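Student: With chain A fixed as given, assemble chain B onto it according to the hints.
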Amino acid sequence: MVPELGKMVRRVTFLLLCLAAAAVEMAADHTRPSWQAMAWALGWMAAAAGLGILATRGVRESQTLSKRAGPVLATLFIAPFLLEFLRPLFGLEGYPLELQLLMALRNVGLGLAAFSAVPLCMRSACVVSLFLVLFSVTMSDHPLTLALLAAYTAAGSMWLVLVYWGGLRDVFAEPVYGQSMATRPVRTRFPLPGLTAALILVSGLVALVGAGAPRQALWVLAEWLPTSGGTGSQDSRARGGVNDGDEEAAGDNPDSTGNVNSDIFLDSPLPTLYDLSNDMFGEPFKPKEQERAIALDINPEKTRETGKAPPDSQRPGRGFPTSRKVPKKWREALSREARALFEVEGLTPLHLRLTVFDRLVAGVWMEAPHRVAEPSIEMRENRWMQPGRRGEPEIFAQNTHHKFRMTAPEGSFIPTPANLRRFRVGRVNEPGFFGWAQDGVLAFSQRNAPSGITVETEARTVDPWLLAQADWAISPVADQEPQNTGQKLDPKIIVKIRNWVGSEENTWLKAQRVIDSLRSEYTLDWDAGIPEGCKDPVAYFLLESRRGPDYLFATAAATLLRHCGLKTRLANGFYVDPEKYDPETGLTPVTRDDLHFWVEIATRDGDWLVVEPTPGYVVCPPVLALFERLLRAGSGFVDWSARNAVLLGATFAIALLVFLWRREIVDRFYYLALSMKHNIGIRPRLMQTARILEWRGRVTGCRRRPCQSGSAWLVDLAQLGDTEDMVVFARLVAWAAHAPDGELCPSYLTGGAVKELSSRILAHWGLSRLRRAARVRGGEVG
Amino acid sequence: MIQQVDVGGGLARVRSALNGALRGKSALVEKVLACLLAQGHLLLEDMPGLGKTTLAKALASALGCRFARVQCTPDLLPGDITGFSIFNQKTREFEFQRGPVFSEILLADEINRATPRSQSALLEAMAERQVTVDNIRHALPPMFFVIATQNPVEHHGTYPLPEAQLDRFAMKLSVGYPDRVDEMAMLESAVGEGQECGSTPAGPPMDMSELAETQRLVRLVAVEAPVRGYLVDLCRATRGHAGIALGVSPRGMLIWQRVAQAWAFLDGRRYVTPDDVQAVAEPVLSVRLGIHGVEPKGAANVINGLMRQIPAPF
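Residue numbers (numbering that gives the first Met the number 0), protein chains in the order written: chain A, 0 to 781; chain B, 0 to 313.
Hints listed in this document are in silico derivations from the structure and should not be mistaken for laboratory results. Please read these numbers as outputs of a predicted model, since none were measured by experiment. Cβ atoms here follow ideal geometry from the backbone N, Cα and C, with glycine treated the same way. Some clues are possibly wrong.
[Unchecked claim] Partial list, computed: chain A residues near chain B (C-beta under 7 Å):
| id | residue |
| --- | --- |
| 1 | Pro705 |
| 2 | Ala711 |
| 3 | Ala733 |
[Said to hold, decoys possible] Residues on chain A that point at chain B, a partial pick, calculated with CB under 8 Å:
| id | residue |
| --- | --- |
| 4 | Cys706 |
| 5 | Gln707 |
| 6 | Gly709 |
| 7 | Ser710 |
| 8 | His737 |
| 9 | Ala738 |
| 10 | Pro739 |
| 11 | Glu742 |
| 12 | Ser746 |
| 13 | Gly750 |
Chain A with its partners taken away, still in its complex shape:
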């Protein structure tokens, strides 16, 4: 393109990107003032322009992308993601992942516009700007966005005109411009490899779907698509059938389509979705012995029968309209059998206590006391029940929320995670409905758990980082309680504990080492039991079989940890396995197969912490903010580095030396590899020697120009010294590279002479000599 025209096109390209960037900022967050969005856009434009000017200083219009473009574009791409970490520090709300990607694309577009001296960058920048503007217009109907679209249209038209004129000027160029015209790209390769790969990928996916791949696998595949799951905004009164707002779904409106509080629908005399369900499938599903979860006032005066008319769905003689739509095809009724006892929504894995045992008497665990009164349960706002607080040991991270949808519960059990903070069961608003089956095991006081209810819980998550700093001395209360009764620990086990613990003094770290040893050195085997007549199952498991089911792991761990000075107990309950997570429903079903044993350790404040000694099972991780996780990872790395300073230093020194001498090492490797080849022909030896020389020239800055043949480059090198050998060698290389088979070697050299000449050349033209030559000649030779 003609120089002054090209400059104008570049400016218009940058203008297009600026308009697109402004439109993106306007569309990204419509809640903030327009001036703020424009300020952000201007900031990014300035950053891109500054980086572009710095990176393109001294670079003329060219066909190839400058080496400086890569880092600049990468920096601009990463910047929005890095800023996302800093937003909370300034009290700003974060952007969802889609918008972060959009911002990154906007930055890349600005960067490309800054490098628009390269035609490819210029064209790519325009495509990016078009996408950004169209995206922004569809996302926002702000008047300023429309104004930006109008400006973009005008600028885009100008860009097209300029490019068209540039093409005309190429055709009708005056002679004076003839010599300064940029060359058109001469090699337009069809992107066959990329298209083939894309075709294979797409056809593979289609075949996968067509072949009936497991639905779960397909869902997992779909989850790879980057998404934040929404924009973060919430409208409590939203009604769309899907994701209804809280006030709709949890309210008293029977027209709501929300899938909660089914009793509202059953009570309502108005037509509801339940009636539609009746029309299609007959009577609504009502499990036997169904008990409805309704919080009844304890006052007997208010619990009398009201004598209301039954709901429409239960009246006799209901109408059956024949004008209804006929189903397109026969649908079989879905299985009514509940797939789980209950289903969990929230962070997994999770340990849910069912029964706890605190005393081990002659190999038999004895249950902990039933119906404990403490801690007391009090009701707070919104029917949240809060157990009395036992203290605030500083070992917890953020709270985690769970929902347990009870589909086929048994008994009075209420699933709750350990370290329960508060809970809410349906619309029950009376704390007297709940009690403690055992210490830390929540249950209904006088009744069984009804199906169809939802239990919401908020529990603390344990931060392993803080456990080592906590006080683990057994409380006076704990000392009074009996632990292992009538059983002394085998001396061999004590030795084993010493070996595992070593010189560690910290109580928690000692326990951690014991648990780690159990998890790593012992095998989970559901069929391995304890032989009859064995008096000490723990000793048998630890010293002889070294394998067993989870209760043996838990028993052994409880015993060993007690020896370490911790108060422990055995817990039985449900393990919510994350492997069973159903991405379709977003729930994790829990069945009888999930019954599991684990150990719990008492804190000084009387709370119980879950410890998992069984391999394959893990404790729920702490909920930490991303910034905190990064900070902790950094701190952990610093600590680890401090502990392994010598090793790290030595590794770093070796890595540094390897890095500094990487070329010498590789060169020596090449040289040795060639020296060890004794039986190769003259031509391969010459070519390999020349290739080594070329590699040396490339890494030392004495490189061969692309338009230069190997022999011409060698002849140029010969001007720096050792002329005679190098000229002969250059002639031999030309012969080896281009002479047909059967053509005699120039100068009639034998294989031995060629080998000797190659060795001389490689020895004479080492890396250091070529570096000096590059300094003298300044880069490319020739």
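Tutor: Chain B only, in chain A's frame:
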């Protein structure tokens, strides 16, 4: 497999004779020899008095072949070049009188002064080494070699050669001024001699049969696939180049390869390297590429840029 040939024999004597006739122009002489061995035709473009005619006459003399010269003027007719039929009153028949084209070396001096009609009379002769007069085809000598000259400065009353004719030439060379030392030697040797510069040897250093055999050997010089690919890449690059109006034709590509073969042969090799292709690129391309612009070194700059753009094989 080609036979070993004594390159240092007749060819060296021809080279010596040409260097003696044209002082300080050994590089030019090499290219002229390459053009001769490649069986191409030569276009010399330079100022008057630089030795273009001398070179042609010295070449004819060195090869011992028939030499003819046509001074092209606007009133030159095609028959003046090809020959014409005249009526013999004795035999009562038309007899064909051969023109200067029926010689081994034809010097078309200031060819751009001839009319296009006369210029086109050379088309068939240069491409097919034959002329057709009165529907009768007359074969030209197999060693037919055209050396045309033109003045790049004077454009008044000239007719630029059409692309079709330019493509028939293998090379365009410029003689150029000799340097000071050579001009001093030239003056010294001219003292006491005749008007002609240089002396003609007693016998031809190379006869026509020897030249034919050498040209046959040149055709057998090997061009391996990487070099062929490089040549093709270069030619295709000329067709998409923004500064070039007319790229290299397939005929031009074949001539380029033949000249590169001759260049390798002159270097004593029986295989072509990328350096040979590059060495003859400028004279071969400058005659047939339509380069934008009229700057003196414009064509050379474009061709050098082209060479830098296409990577050469090792």
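Student: Hint by hint, say whether it matches the structure.
Tutor: Each hint tested on the structure:
Nearest Cβ of chain B to the Cβ of A:Pro705: about 4 Å, under the 7 Å cut. The hint holds. With a cut of 7 Å, the hint placing A:Ala711 at the interface with chain B holds, because the nearest CB-to-CB distance is about 5 Å. Because the closest C-beta pair between A:Ala733 and chain B is about 5 Å apart, less than 7 Å, the hint holds. Restraint check, A:Cys706 versus chain B: the minimum CB separation of about 5 Å is within 8 Å; hint holds.
The criterion of a C-beta within 8 Å of any C-beta in chain B is met by A:Gln707, whose closest approach is roughly 6 Å, and the hint holds. Interface restraint check for A:Gly709: the shortest CB-CB distance to chain B comes to about 4 Å, inside 8 Å, so the restraint holds. Interface restraint check for A:Ser710: the shortest CB-CB distance to chain B comes to about 6 Å, inside 8 Å, so the restraint holds. A least Cβ separation of about 5 Å between A:His737 and chain B falls short of the 8 Å threshold, and the interface hint therefore holds.
Proximity of A:Ala738 to chain B holds as hinted, the smallest CB-CB distance being about 4 Å (cut-off 8 Å). A cut of 8 Å between beta carbons decides the hint on A:Pro739: the least distance to chain B is about 4 Å, and the hint holds. Below 8 Å, beta-carbon pairs count as interface contacts, and A:Glu742 has one with chain B at about 6 Å; its hint therefore holds. For A:Ser746, the suggested interface contact is broken, since its CB lies about 12 Å from the closest CB of chain B, more than 8 Å.
Against a cut-off of 8 Å between C-beta atoms, the interface hint on A:Gly750 is violated, since the closest Cβ of chain B lies about 20 Å away.
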